[in-house]
Amino acid sequence: MDFLTNALIEEHLEECMEIVKEEMQDYYLDEDEYPILTREIMLTAQSAGGDFSEGNIRFYCDEYKKHNFLSRFKRMHDTNY
Numbered sequence: 019m020d021f022l023t024n025a026l027i028e029e030h031l032e033e034c035m036e037i038v039k040e041e042m043q044d045y046y047l048d049e050d051e052y053p054i055l056t057r058e059i060m061l062t063a064q065s066a067g068g069d070f071s072e073g074n075i076r077f078y079c080d081e082y083k084k085h086n087f088l089s090r091f092k093r094m095h096d097t098n099y
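Heads up: the sequence shown begins at 19 in the working numbering, then just goes up one per residue.
Among these hints, one or two may not hold up.
Claimed, not checked - Using 25 Å as the maximum straight-line C-alpha spacing, the simulated BS3-like pairs for lysine-lysine come out as follows:
(1) K39 x K84
(2) K83 x K39
(3) K92 x K39
Hints were generated in silico from the structure; no laboratory data involved.
Starting from the given sequences, assemble the full structure and let the hints guide the process.
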């Protein structure tokens, strides 16, 4: 199952990352943080029974923003915290 999940994420990573970059542009993330955050959002969407559609990725970006994701994200991934 993990192989299938990883394969699907890699297949859709670039298109989803463009959406995440657009949605999170006010947060000044480093370029190397976007793939990490995008994978996390994609896994969240998938674990909730969703897909990687534009609307779904935007929805989870909004949810991350509503829940002040940045400090948790930086701590969890140890990126300039």
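How the hints compare with the structure:
1. The hinted pair formed by K39 and K84 meets the criterion: a straight-line CA distance of about 17 Å does not exceed 25 Å.
2. As the CA atoms of K83 and K39 are separated by approximately 13 Å, the hinted pair is consistent with the 25 Å bound.
3. A threshold of 25 Å between alpha carbons decides the hint, and for K92 with K39 the separation of about 16 Å falls inside it, so the pair holds.
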